[in-house]
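> One letter stands for each residue in the lines below.
There are 2 protein chains.
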Amino acid sequence: MLAVLSGEKHPPDMHPIEQSAVVRYTDAAGLADALRDADALFVYDFLSTAVPGAWHGSNRLRWLHIASAGVDPVMFPALRESDVVLTNSRGVFDDSIAEYVLGTILAFAKDLPGSLRLQQRSTWQHRETERIGGRSALVVGTGPIGRSIARLLKAAGLRVSGAGRTPRDGDPDFGEVRPSTELGDYVGEFDYVVAVAPLTEQTKGLFDANAFAAMRESARFINVGRGELVVTGDLVDALREGRIAGAALDVFDTEPLPVESPLWTMDNVLVSPHMSGDVVGWRNALVEVFADNFWRWRAGQPLRNVVDKRLGYVPSTN
Amino acid sequence: MLAVLSGEKHPPDMHPIEQSAVVRYTDAAGLADALRDADALFVYDFLSTAVPGAWHGSNRLRWLHIASAGVDPVMFPALRESDVVLTNSRGVFDDSIAEYVLGTILAFAKDLPGSLRLQQRSTWQHRETERIGGRSALVVGTGPIGRSIARLLKAAGLRVSGAGRTPRDGDPDFGEVRPSTELGDYVGEFDYVVAVAPLTEQTKGLFDANAFAAMRESARFINVGRGELVVTGDLVDALREGRIAGAALDVFDTEPLPVESPLWTMDNVLVSPHMSGDVVGWRNALVEVFADNFWRWRAGQPLRNVVDKRLGYVPSTN
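Protein chains in written order, with the working numbering: chain A, 1 to 318; chain B, 1001 to 1318.
Be careful, since some hints might not be right.
[Said to hold, decoys possible] Heads up, incomplete: computed chain B residues facing chain A, CB under 7 Å, no partners named:
1) D1095
2) G1103
3) A1107
4) L1112
5) G1114
6) W1124
7) T1129
8) G1133
9) D1267
10) V1271
11) P1273
[Stated by the list, open to error] Computed footprint of chain A on chain B; a stretch qualifies when at least three of its residues, placed anywhere within it, have a C-beta under 8 Å from a C-beta of chain A:
12) 1021-1034
13) 1071-1081
14) 1274-1280
Hints were generated in silico from the structure; no laboratory data involved.
Glycine included, every Cβ here is placed at the ideal spot set by N, Cα and C.
Next comes chain A alone, as it looks inside the complex (with noise of 0.2 Å):
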């Protein structure tokens, strides 16, 4: 039996797996019910913060997979410590969010919101602009979304290095690759840090005042891992007093953003709403990555994108 948290929608292509399964389709309320007889459960609503409060329904659950890359939701004691494998949607968004980052650095580069507030005024507004050719970029997480990032900025004419868990050199997507935990040392390096860490223990709050005050007074800042690698505070804070030049935001804290947070009327931000990945027909993808596992699991085959507990990603072959 396959128990299936969906949110407000059931995934889409689901046929082929209901004739081969009993699945059963829950919301946050029912989960704990439904887990009591699940072999297997689909996250599928991704955000939900359900699964640890129902998990103690869970009786005979070998496999959890999760339809997005970061497993933060669900990393919880009892997870970790239990038996279950935990899989992700490792590599549907990559390529998606790298051209979601190089489009945010050439909107700072070109002015592209300041472009928009003058036509909104029907005001002709000479301004110069910025290349992206020749400036730097630092990647903080060097797991298969950074190195797409890494590789499209370096096509687009950036200097790339990377930030890790694991300092190395020789790395074949950012050559260099720093410690993360040593960020204040060497941030000010760049023109443009992007931040796309697992969010662990490790990496909560990593950015913080310290980190922005390493920064350069021009560096732009971009955030497509998640809202809690970020002191709030602080980031507000480095953009109101001009300690950094600007900050493009995808994933924040609180989800929705809400709508007292000054970060939607600072002039120097960009906010998304959680889509930096989310390109027409992703849900799709996201369940073909699951099914790709289904199948596997159902002949009894290794899955894909086994999540390691311990670490809170899917360790690099890289």
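Let chain A serve as the given structure and place chain B on it in line with the hints.
Frame of chain A; chain B shown alone:
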């Protein structure tokens, strides 16, 4: 004697040249008088239309340099038929304009204008976006700016073709180059259509109702060339009636764009004020190109960027 047609400001970095020649700065009103004794004219105010009307004053002029890539403001019959050598600022804007074009493509694909409008209303509204990888772009204009655009778009994952005066295969940047006179036959194959051709009798009004009718309804049109490449009324109609999906326009047949233009207020149009190539330092770069030619001219060496006055642009070596 060197005459310099300045705009509001004199060009920077002219001191070395002032040490070596009599330099007379003039505005449009004084141009005919200044031309009387001038051996060379530097049109620094590159959008000025004053040169044809002042030409009768020229007496001993041998060289005219214009601080732009497009030479259409000085392509009047008397100059064409004279022995005056015409040079331009080829090369200064190539990579900046290419970045600008990629920025507008990403803005469309990721609906950045929509995000900014929603942000202004503090509204969280998830949308699905588009990939740019695998999409197709037609670059109309195969000079150095068009080539830089082609290279950058290809690096970012788009498939790129060119359109120009001379159809050919195996072009190093474009692969296939289609004949721009037959635009309607193939423009429907592309997701993005970029106008960057020089303005000549052959290209004036190239983008008319027929061309827009032949484009995909999902196509976006980007103009970083000259406003007169487009029949503006036809473009407005095509955008209003949904015959194309959007336009990013940096140049217009009248500049500044008049406040009553419907383009200002269309949601699917990005207006910018003829600035796509103007990165910080561009004025110095323009004078650098002029100065390089000035020293060649003083030394009796061949000039760079000599315009073929029959064609209306510097012939490509490719």
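> Hint by hint, note whether the structure agrees.
Now for the hints, and whether the structure bears them out:
no. : hint      : verdict
1   : D1095     : holds (6 Å)
2   : G1103     : holds (3 Å)
3   : A1107     : holds (6 Å)
4   : L1112     : holds (6 Å)
5   : G1114     : violated (9 Å)
6   : W1124     : holds (4 Å)
7   : T1129     : holds (5 Å)
8   : G1133     : holds (6 Å)
9   : D1267     : violated (10 Å)
10  : V1271     : holds (5 Å)
11  : P1273     : holds (5 Å)
12  : 1021-1034 : violated (count 0)
13  : 1071-1081 : violated (count 0)
14  : 1274-1280 : holds (count 6)
The structure fails hints 5, 9, 12, 13 (numbered hints given earlier, in ascending order).
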